[in-house]
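Whole structure, please, built from the sequences with the hints as guidance.
Protein chains: 4
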Amino acid sequence: MYTDITAREELATLVVTGPDRPGLASTVTSLIASHEGNIVSLDQHTTNPAGGDFFQRVVFHRPGLAAAAPDIRSDLEATLKPYSMSSYFRQQRVLKRMPILVSKSAHCLVDLLWRHRRGELPVTIPLVISNHTAVADDVRSFGIPFFHVPSHGPDKAEAECRLLEILKGNADFIVLARYMQILSEPFLEELDVPVINIHHSFLPAFIGAAPYRKAKERGVKLVGATSHYVTKDLDEGPIIEQNVTRVDHTMSAADMQAKGAYVEREVLSRAVKLHAEDRVIRHGNQTVVFD
Amino acid sequence: MYTDITAREELATLVVTGPDRPGLASTVTSLIASHEGNIVSLDQHTTNPAGGDFFQRVVFHRPGLAAAAPDIRSDLEATLKPYSMSSYFRQQRVLKRMPILVSKSAHCLVDLLWRHRRGELPVTIPLVISNHTAVADDVRSFGIPFFHVPSHGPDKAEAECRLLEILKGNADFIVLARYMQILSEPFLEELDVPVINIHHSFLPAFIGAAPYRKAKERGVKLVGATSHYVTKDLDEGPIIEQNVTRVDHTMSAADMQAKGAYVEREVLSRAVKLHAEDRVIRHGNQTVVFD
Amino acid sequence: MYTDITAREELATLVVTGPDRPGLASTVTSLIASHEGNIVSLDQHTTNPAGGDFFQRVVFHRPGLAAAAPDIRSDLEATLKPYSMSSYFRQQRVLKRMPILVSKSAHCLVDLLWRHRRGELPVTIPLVISNHTAVADDVRSFGIPFFHVPSHGPDKAEAECRLLEILKGNADFIVLARYMQILSEPFLEELDVPVINIHHSFLPAFIGAAPYRKAKERGVKLVGATSHYVTKDLDEGPIIEQNVTRVDHTMSAADMQAKGAYVEREVLSRAVKLHAEDRVIRHGNQTVVFD
Amino acid sequence: MYTDITAREELATLVVTGPDRPGLASTVTSLIASHEGNIVSLDQHTTNPAGGDFFQRVVFHRPGLAAAAPDIRSDLEATLKPYSMSSYFRQQRVLKRMPILVSKSAHCLVDLLWRHRRGELPVTIPLVISNHTAVADDVRSFGIPFFHVPSHGPDKAEAECRLLEILKGNADFIVLARYMQILSEPFLEELDVPVINIHHSFLPAFIGAAPYRKAKERGVKLVGATSHYVTKDLDEGPIIEQNVTRVDHTMSAADMQAKGAYVEREVLSRAVKLHAEDRVIRHGNQTVVFD
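Residue numbers (our numbering), protein chains in the order written: chain Y, 9 to 299; chain D, 9 to 299; chain H, 9 to 299; chain F, 9 to 299.
These are calculated hints, taken from the structure and not from any lab test.
Be careful, since some hints might not be right.
Since the list gives no way to pick out one identical chain from another, each pair is judged satisfied if it fits inside one copy or across any two copies.
Capping the alpha-carbon separation at 30 Å, the derived lysine-lysine pairs in DSS-like fashion look like this [unchecked claim]: (1) K164 with K222; (2) K222 with K240; (3) K281 with K112; (4) K89 with K222; (5) K176 with K112.
See below:
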């Protein structure tokens with residue numbers, strides 16, 4: 009993976025999924041060729057060439073893409089429909105809108121804002137929401153709107169209602185950059201966009217609260233972080249990216265947390281970039297990642 | 009860590025543990041100096057300088073060590089007793105005896121035998137025991153005795169009885185190099201030496217059987233291995249060493265197992281070397297590792 | 009990468025390279041579809057979609073492959089010729105023949121033999137040659153012929169002549185698993201198959217002899233290993249794979265060498281597997297690696 | 009390593025170096041005990057117990073340290089002088105002053121400012137100097153003074169003169185956080201404090217300018233970063249810390265640079281922390297690092 013080689017203006021990303029059958033690669037690449045597209049990169053995966061699932065990501069260059077896009081899209085749908093295939097088509101110049109939710113810890117948030125400012129994340133960040141005010145100044149110093157949505161007590165209904173008012177229609181996906189609140193199932197359904205979380209452990213180890221304290225108690229020699237899609241089951245969603253760092257007996261749980269923070273920010277930033285570039289395809293509770 | 013710089017003949021390793029109090033480092037190092045020892049390496053750790061636990065490992069060089077050892081040992085005990093400290097003293101020329109138990113998979117076993125033959129593990133390997141015969145030729149090609157102790161059915165009493173006959177008195181510690189049998193609590197008590205296991209996952213994730221299959225199902229992006237001391241609670245003993253390797257969506261559970269095998273052998277070999285060199289000190293269910 | 013999902017018997021690997029132009033992916037995949045092949049995996053890379061170089065590796069499944077192979081091959085050549093493209097086609101059941109050359113150090117050699125015996129390297133190992141006899145027993149214990157070809161003094165002509173007698177016609181590629189002799193340019197030309205070397209440093213750091221001693225003198229904090237194709241320029245050929253491991257001030261050059269040996273064996277084994285599976289394409293003095 | 013366990017107020021760090029001889033550890037620890045210090049951590053290294061060099065770092069806790077410090081210091085000097093040993097003694101509450109020099113790239117700078125604000129770097133940052141103005145706003149948003157000292161043309165004398173005016177007497181060590189100017193030997197001598205640089209390659213590979221371009225041309229599979237003390241010889245000073253990250257054929261030199269930036273910031277931040285905590289001891293052109 010990495011930066012695409014040509015200007016984004018005339019590049020399209022196409023993701024095709026569905027039941028595998030002979031000739032799919034040929035069908036898709038021929039369609040792109042017939043629309044004068046030149047393939048820049050192509051990844052595909054099959055769980056089983058005989059009756060498994062097929063996943064394909066293609067990036068192609070097409071002069072005058074903006075004008076041709078509707079035709080390409082409808083041709084794709086017509087072509088793939090008989091095979092029960094799904095397709096996702098995106099012009100790369102149209103950036104995904106990525107609001108960020110955060111609590112008090114700024115390390116993941118700032119890394120995202122920083123990478124975004126350096127031009128490394130192909131998204132727009134329309135706003136940041138927090139249930140605290142600790143990060144307000146950091147966010148506004150990047151020129152991004154900040155919203156404070158407090159979340160008191162066990163009843164989250166009011167807070168979630170306010171979140172929906174802000175987010176609904178303004179997000180292509182949402183990032184929880186250490187947002188220490190559980191989102192309800194009705195809220196997630198109503199939101200209806202992918203939500204990416206960073207959990208501060210190497211899942212499935214240390215699910216739930218206080219993973220660094222649990223890691224210290226268990227005496228592990230590595231701590232990690234996991235970025236995953238949020239589902240109704242806490243810390244159980246499809247994993248996008250994970251990494252670890254070494255710890256030892258001299259470190260307290262607080263030391264592990266301090267060191268682990270640097271893995272968290274790196275793992276989340278990487279997961280966000282992968283998702284923003286349409287490199288992650290959900291497959292049941294797993295992911296196909298074309299990096 | 010790594011190879012010691014002088015010949016092993018006149019080197020001693022000393023491990024001191026107990027409640028921390030001011031002056032302990034001075035007490036131990038002065039005692040060594042008074043016995044004409046020259047310190048080669050010194051590591052120490054305290055969980056809390058005010059009332060915590062103290063751990064120290066010292067390697068020192070002493071001409072004529074073999075003759076002086078009894079005096080040094082008794083002086084140590086007399087000096088440390090008033091402080092409720094424990095000490096462990098070993099001449100490095102006296103290698104620990106390390107029998108290995110294994111089932112069918114040879115990758116961890118062969119790596120240990122291989123490193124031992126290269127002179128990298130300061131142990132003797134008096135024998136290898138397996139509940140299968142698959143590795144017999146491998147073991148004997150290294151000039152090491154092989155014993156076949158089958159373990160049929162749920163009742164392990166007969167097999168454990170036979171194991172005890174072979175191992176009792178012939179082991180300073182025991183390595184389970186992928187020995188796929190659970191050892192009973194009475195057996196471990198009767199054996200009464202440390203037992204080091206390699207578990208084929210990054211504990212505490214995927215405890216128990218079939219961790220690679222579980223890892224595939226959960227869709228993790230790293231698989232790992234954990235070497236730990238065996239206790240009566242399966243996969244719950246103090247961890248000595250862990251490591252991980254990257255996996256992706258193209259890999260089946262069998263592929264993960266094939267790749268993970270190389271992490272297993274590296275983690276176990278490293279844990280064995282650390283233990284053989286008295287670099288691992290148990291502390292409750294955790295370990296202090298001076299590497 | 010990793011193990012292919014279906015039996016090797018009816019799988020073919022196709023590598024296509026040449027000047028990039030629109031429609032290449034479609035041309036190749038359509039040809040495979042027309043021959044009733046079902047694509048199992050597909051990787052491609054272009055240095056620049058406008059006038060750059062195109063690289064593609066396709067694995068496809070085709071019932072009755074052995075019978076159909078000549079037709080597919082000639083169709084490929086006829087189809088690609090007008091575009092100045094090169095193609096390499098191989099039935100996966102036909103394993104590459106991989107003789108190994110080695111001097112005294114057995115660590116890389118044994119790791120290759122071991123992985124091969126475990127069925128992880130899709131090659132045959134027809135023979136091992138050494139300019140010493142230290143590894144003869146190891147080699148023969150794996151049931152592989154061993155040849156001793158001494159190489160005395162500065163004139164290597166006689167030794168190289170003997171090597172050619174043994175290797176010519178019996179190798180699809182050759183591995184130097186710590187073979188501490190420089191091969192002459194005429195010898196390499198006469199041999200005319202790829203030669204893979206393992207260099208015991210992170211190239212281009214520490215080219216030439218005694219890299220661990222140089223690493224110690226420079227005080228680096230990581231040492232590494234590099235596997236590359238051999239060219240007439242020592243340690244300058246296209247790099248296939250590299251990795252590193254951490255060292256510190258306590259380690260002598262000999263300690264670094266002992267620890268580095270485990271990186272060497274892992275890097276060489278990985279490079280060999282990549283090459284054996286046709287995942288490495290030379291591109292000038294660089295490589296495209298589809299892993 | 010990691011955060012110290014007790015409050016910094018009454019902690020002292022002691023570094024002792026010189027020719028090794030029997031009894032040194034005892035001498036130092038007894039002296040600390042006689043001054044009512046309780047050792048919190050102790051590391052030592054000897055290049056050779058018979059006539060080599062000795063390095064020791066001790067952290068101890070001493071109630072009323074500020075009052076007792078002068079006595080401890082003079083006792084240390086008197087005690088160690090007969091053995092030609094050097095000692096460095098520091099109360100941990102007295103933070104080192106660390107000005108930062110930078111050019112246009114902010115990634116290393118911002119990571120240092122950020123970690124400092126989080127309380128992870130035990131230093132004060134009195135000011136930041138740049139030969140450009142690109143980072144001025146970033147610096148001032150952290151509440152730190154920014155100075156612009158342009159450096160035009162080949163004659164650096166005027167710029168270095170201005171740098172000395174600002175830095176002389178205000179620095180315990182200086183960090184070059186991607187400062188793309190070579191400092192003259194007279195300037196370094198006049199400055200007379202340690203200067204830490206980050207070089208954007210895995211030294212000694214790719215010394216000098218444009219290492220990512222050279223890395224791309226050589227086709228390496230890992231790129232790295234090296235933090236070292238600055239000496240009169242460009243990129244040749246003692247190495248404190250290094251790390252690497254994986255790259256592949258899809259990445260341009262610019263992509264490698266973008267990815268490498270994250271290794272640079274991590275390596276420099278770690279080296280700065282190690283130095284700030286007196287964990288790095290220069291030994292000829294190498295370093296002893298007690299981490």
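The hints, checked one at a time:
1. Taking the shortest alpha-carbon separations for K164 and K222, only the intra-copy value of 27 Å comes in at or below 30 Å, while the best inter-copy value is 34 Å.
2. Proximity of K222 and K240 under a CA criterion of 30 Å is satisfied in both settings, with 23 Å inside one chain copy and 21 Å between copies.
3. Taking the shortest alpha-carbon separations for K281 and K112, both the intra-copy value of 23 Å and the inter-copy value of 25 Å come in at or below 30 Å.
4. For the homomeric pair K89 and K222, neither the shortest alpha-carbon distance inside one copy (49 Å) nor that between copies (35 Å) is at most 30 Å.
5. When the C-alpha separation of K176 and K112 is checked against a cutoff of 30 Å, the pair qualifies only within one copy, where the shortest distance is 23 Å, while the shortest distance between copies is 39 Å.
Violated hints amount to a single one, hint 4; each of the other numbered hints is respected by the structure.
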